[in-house]
Amino acid sequence: MGKRKLLEIKDLTVKFFTEDGTVNAVERVSFDIEKEETLGVVGESGCGKSVTALSVMRLLPSPPAKITSGKILFEGEDLLSKSEAEMRRIRGNLISMVFQEPMTSLNPVFTIGHQISEAIVLHQKLSKKEARERAIEMLRLVGIPNPEKRYWEYPHQLSGGMRQRVMIAMALSCSPKLLIADEPTTALDVTIQAQILDLIERLKEKVGMSVLMITHDLGVIAEMAKRVVVMYAGQVVEESPCEDIFENPLHPYTAGLLKSIPKLEGKKSRLHVIEGNVPNPLNFPSGCRFHPRCFEAKKICGEKMPSLVEVEGNRKVRCFMRGSFPEEVLAIERAGRN
Amino acid sequence: MAGYIVRRLIMALPVLVGVSLITFILLNVVPGDPVLEMMGKHVDPLTLEKVREQLGLNDPLYVQFGRFLFNALRGDLGKSFKTGQPVTQMIMDTFPTTVKLALSSAFVAIVLGITVGIISAVKQYSFFDHAAMITALAGISAPIFWVAVVAQLVFGLQLKWLPISGYSSPKHMILPAVVLGIRFAASIARYTRSAFLEVIRQDFIRTARAKGLAERAVIFGHALKNAMIPVVTIIGMQISGLLTGSLLTETIFAIPGLGRLSIWALSNRDFPLVQGIVLFTAVVFVIGNLIVDISYAFLDPRVRLQ
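The listed protein sequences derive, respectively, from chains A and B. Following full-length UniProt numbering from start to finish, the first sequence increments by one per residue and tops out at 338. Following full-length UniProt numbering from start to finish, the second sequence increments by one per residue and tops out at 306.
You can trust all of the hints, since none of them are fake.
Calculated pairs, DSS-like style, for lysine-lysine (alpha carbon to alpha carbon, straight line, at most 25 Å):
(1) A:226 to A:10
(2) A:5 to A:226
(3) A:149 to B:225
(4) A:125 to A:204
(5) A:128 to B:225
(6) B:123 to A:82
(7) B:225 to A:129
(8) A:5 to A:204
(9) A:82 to A:177
(10) B:123 to A:15
(11) A:177 to A:206
(12) A:177 to A:226
(13) A:35 to A:204
(14) A:226 to A:259
(15) A:204 to A:177
(16) B:123 to A:66
(17) A:226 to A:204
(18) B:41 to B:79
A few chain B residues facing chain A, derived, Cβ under 7 Å:
(19) 207
(20) 209
(21) 210
(22) 212
(23) 301
The set of hints was computed from the structure by calculation and includes no laboratory data. These numbers come from a predicted model, not from an experiment. By construction, the Cβ of each residue, glycine as well, lies at the ideal position given by its N, Cα and C atoms.
The shape of chain B in the complex, shown without the other chains (with noise of 0.2 Å):
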């Protein structure tokens, strides 16, 4: 099992780099230069020459990203331009506000998608199904920002029950972590579902019935565990998404998480601070894909891990 994590974390090393490049490469075409926008326009070109010089930013090319990795893999991810702080220090400041609106949103997510997918196999082209399934397909579809909106304007403007944006209590966190988590409930949802229709109909779960079982101990007894194995993957995929920040909802509301850091670092084309939030990104989409990898062996005794 060591083993298998050790080597999965090597291999894991050139998808980092490869990361790396293609923000690199991308920051590096596309319009806009840091330094103007750091210092602003009415800038003398020789005090612009002299900071250009001093960010390494006349360096060629590989030069620069090759000191980008040898820094990164001594955790240095550089300074940040606009506001000269260490951009690993900028992360982790803002991550655990990211993590705490993750989890939250992710708990709400969990718990009623799986619930929800199971009644709806059960019970399947029931009332209850039809409506449930309609609402998930609903909550997929309709927009993050606009549903962020309708939430503000109801719960927070009409109704006066929450706060609209900020974080200074948990009670600000109510808003946005349903918003972010109905969309995820809704795929969770869709996909127990049709996990469960799928297990539901096997061979064994004959067997299960033929034995004497309840319909109870059936459905949570021999069903449920053949039937997490596909929603695992789901649900660590999208946690690992969550984990990184939402964009748009930490965005609407003013939640200060890696997500609003994202988006502040794009627009004052702030290269390491872009740089350091994708390689980070990276790092945790790799953990948890490795972690729904691990789970799998817990799940289901014919994945063995080599």
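Next comes chain A alone, as it looks inside the complex (with noise of 0.2 Å):
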């Protein structure tokens, strides 16, 4: 079992310590990512999502940011207990990131060129002329025409999604074991999101590599995932296989967003949404974080924090109403640990 677990999230919590006070942007948030798995992490902005990617890559900005607990297990060994000269080893490397702002994530002075051979000389020790090579391989194999000139080109001269491509490219450049992607296509246009989305399905299997991809957009999970981790104010919510998260969503907030989603089909009415705004971090509401949203929310639900218990036999929801009753739901989640 542990064998195919690439990479292990455990219990993490990320508390960001501000002027105002202190925000807990992560709490004991625990999934795993198998080998040349495609894992998909759904929530709002500000559910803590990119803060769980840029925990496992140990580059959230502290100050202010502080990861208090949990683990980080990547092929069994703990990358919060490493040193900062160790991730640099794993960073770009083992590891690599795409981020969501393609028109802002590439240094404007340099060439993309240089930028792509800037991490293979770092990691794969291959000289200049060598790195440029694969470089403008890795341009050639992301769908960039004209590779051998745009690989002396500058961000400025090309498009979003071609940019997006660049990032790509550079990430995989010294064939990760994991690509983290943080909302790769939200910046780009409809059609472009999904040759940018084909790409990395394509390349993942190329590469062999697992995916964590990070969006609010559940179609690119329908697109991408086998399984989905959602999360809503701080929190894993719900994880499901991905057909089962469309057909039977457990937990109210994940219908809601899957309500919400505009259709094509059937009889047109008004959108549905959930109502109220995504709880302030720096003072959720007690219980479940989401109840004073939820329309199925009873007495309890404001009183106690429902915790994440198994469901179904490969499912996890974090609900009273889908659960069970917190002196059952602990002594289930307590034979689930052990």
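Starting from the two chains in their separate frames, assemble the complex, guided by the hints.
Rendered as structure tokens:
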């Protein structure tokens, strides 16, 4: 069982210590990614999904951010106990990241070729010339026409989609085992989005890597992921295989997200919205963090925090109405842990 | 590139004519008679009139100005009323001294300012940052004549480390260069810090870190070149200012440079000399700005000179 796991996040808690108070950005988040698997993480802005990803890279700005507890096991080794020098050998080499903003994620004053070669020279110990050949090969692989010429161009000479391809080329240039894609298509046109997702899917097969796909777009999840983790207000609220979550969402929040996707077929009605706002992370509501917006909320939901419990064998949910009531919940959780 | 430079220089011509015209008008409206200043108060009116006629001061103003422009185009800025020497000659005699002072203080300022600015930005809100920025603020705010006098008192008279005035050895340059450089260093440090702070929050810095680059490579490889773009503007403009002579510093330290010559020309109502120095100053600024704009193209590939 343990052998197939590439990344295991266990009880990760991240806090931001700001002047206004302590922000509980991520609270006891746990999930795994298997080798060559694509895991989707969905949630609204500010739910903690990017913070989780940056924690894996150990790239959170500290201060104000601090990982206060938890483990991040990569191939069985805890990334949180590694030195900065050890992390540098992992970043861009074993674990790479593609960011949301292709327009600003490339350095405007260096050629894209230089920026790709830089990582190759650093991790693969190749000469500059060999690195250039490898970079050109990567540019060709991500579908950039005329890569020999593009190598010498600057980011401003490329469109957003092309820049994201360059980011992917850069991320994959050292054949990482894990690619973290943080909203890689959010800033792109719809037609380009599909191309970029296709590209990631195709290269995933080729390189044999796992992908952590972070998005707020359930469409992207449906396209890419086998399993989905749904995050809300810094916590995991549901984890399910992809097909189950679309057919039968367990958590009321997941159900709300699914209903708020516009449909092309069938009867036209007003689009569903989840009432209320994302809670302020400086001051989360008591009990279940979703209860003020939940149409199924009972009295207990405002009093006690539900745990993430296993249901139906391969699914997990954090909801009293789907799991069971507190005493039983705790018992099940204890049983599930040991 | 060559075409761009030629176009920019042609575009500078109206600027230079404008500067000359404004100086000419100002010189003619301020009180004080250059001939009286030159000949002394007890000169007989007939001689006075004769000299006026000779110097062309009796011609209508537009004729005088036209003559100045026409001669300036041929590189002749006229002769000093007071000494009779060609103005170009006088400027060229004093300019090298000013250049030496300007470059040595610019060197002090750039090395000090950029280093302090980078450390302050990287260690934002540290003790070093606070101390450096308060010192820099003091450096910008303190009037230069005060700093100069204090420096003379402390390092010249009390400690007797350095000569307090004159210009006969490299040692004489140290105090004036540092006094001039401090203010310049202070503004460079503050600009570098804020430019750096802006750059290190950019997404591409996170990308560079995500590649596995060491912090040093991130700062000096990825951040520095971006942060230098605004700083170069400040440096360029300030160096132009230094090159045209610092009126106060040169006067206080008795350095025979362009700054002191300007003061001397003004107090003697030496019209051609003042005109010549102002025009020369304008030319230096035009060229300085041009060099700054050209250096942008090297720092920032998004800038294309056209």
